[in-house]
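Visitor: Those sequence lines, one after another, are chains R and Y.
In terms of the working numbering, the first sequence has 52 at position 52, counting the first letter as 1, and numbering is strictly consecutive.
In terms of the working numbering, the second sequence has 396 at position 198, counting the first letter as 1, and numbering is strictly consecutive.
Keep in mind the hints are simulated off the structure, nothing from the lab.
Since the structure is predicted, the reported quantities are computational estimates derived from the model, not experimental observations.
Ideal placement from N, C-alpha and C gives every residue a C-beta, glycine not left out.
Selected chain Y positions facing chain R (Cβ under 7 Å, derived; list incomplete):
(1) 212
(2) 251
(3) 346
Now the stretches of chain R that chain Y is said to cover, found in silico as 3 or more residues with beta-carbon under 8 Å:
(4) 35-44
(5) 68-76
(6) 86-95
(7) 107-114
In silico BS3-like links for lysine-lysine, alpha-carbon gap of 30 Å or less:
(8) Y:394 / R:83
(9) Y:200 / R:83
(10) Y:231 / R:57
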Amino acid sequence: MSLDMGIWVAGLVTLAILSHVWKENPFYRIAEHLYVGISAGHAVVMAWGNIRDTAVKPLAEEGQLVWIIPIVLGVLLYARYFKGVAWIARFPVAVMVGIGTGVAVRGAIHGDFVQQISATISVGSVNDILLLVFVIASLSYFFFSRTIKGPVAAIPQLGRVVLMVAFGAAFGTTVMGRMALLIGRIQFVLGDWLGVMK
Amino acid sequence: MKTTLPVAIMTVIALIIILDFFVADAPSVQWIKQSGLVLRSWGIVISAFAMGLGAVNLLRRHVVTISRRESGAFYSVLLVGSMLIMIVVGIGAGQDSPVYDFLFSNILSPASATMYASIAFYIVTAAYRSFSAKSLESWVLLLTAVVVMLGKAPIGAAISGFFPVAADWIQNIPNTAGMRAIMMGAALGVVSNAVKMFLGLDRTYLGLRD
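Between the sequences and the hints, there should be enough to build the whole structure, so can you do that?
Guide: The structure is reproduced here in structure tokens:
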């Protein structure tokens with residue numbers, strides 16, 4: 001059994017969280033609230049690190065006055081706590097949403113659309129041909145503008161089956177990923193902490 | 199001004215960032231490239247302030263619970279206390295300090311891994327309740343999940359060499375095809391939603407309902 005205080009704390013936190021599988025209990029709630037508090041604190045520290053390194057240092061050490069703008073916009077986010085001027089917070093939100101939308105749209109057009117089509121139509125093997133057929137079939141399943149009838153109706157039906165295979169694979173991968181984490185935690189409790197397993 | 203100007207600002211910024219990616223690398227359009235770069239770094243700073251906003255909201259919510267001595271006030275004390283310790287130590291002494299490292303390595307990391315691990319139980323019980331193999335599609339989903347799980351576990355390879363090979367093929371061909379189709383559909387959705395926002399038809403991000 002380990003004599004390290006850190007391992008004891010980590011082991012107790014692990015057991016407390018796993019105990020929720022049985023039912024809601026005070027030990028789980030203690031671990032849960034500590035987890036949320038420490039996560040939020042860590043996020044604030046990381047955020048402060050971003051502000052300091054990206055804006056405050058260039059402003060203070062190199063005199064780059066342009067960084068005053070995002071700092072002021074960031075501070076304006078807190079205007080929402082003051083009733084009369086709460087609307088001012090819309091400006092930094094608009095800037096953030098604009099940046100987010102721009103990045104998302106260019107990623108969607110280039111990465112999720114053009115590059116995916118490009119990768120799909122570059123056929124070099126039987127598997128590539130199957131991939132092309134499956135992608136077309138899956139896309140045809142999302143075609144709702146007109147009811148597809150006759151022999152071609154088999155294409156969206158195939159697409160439906162392909163999508164089910166994709167969902168099944170995603171489910172299997174998710175379960176196995178979580179199982180790997182669970183095995184890791186059990187190994188930690190029985191091995192590193194209690195020392196009953198090598 | 200309170201509504202139209204933010205929509206206009208959002209549209210101009212989004213268009214600059216989109217153009218920045220698609221315009222050629224010519225000197226005449228360098229200002230777009232530069233503006234896109236500057237705006238994206240501004241985004242990091244403003245998002246960091248927004249993170250602080252979330253922390254303030256969390257603190258307000260739990261400080262109210264503590265001050266009113268509502269049920270669960272003890273847990274709120276733990277939350278607020280651990281959060282403040284992390285912030286004070288992290289900003290004051292740095293992330294390399296022993297206290298910060300202790301809390302991060304012995305509470306945050308194991309709690310995070312265990313939270314994700316415990317989801318395994320809920321996924322399996324949810325699947326047991328909802329997977330009813332009554333049609334071809336549900337059979338396909340069920341069999342694929344079983345083959346992929348066996349293919350990724352040592353027991354699958356011990357039973358038959360078929361499982362790892364089949365799992366790999368399923369992952370690489372039909373799974374890629376299905377996910378690719380979903381990704382393309384989602385990309386079109388992202389673009390159409392952006393157009394709605396540019397036209398001022400979707401202003402929910404400003405806290406407006408219509």
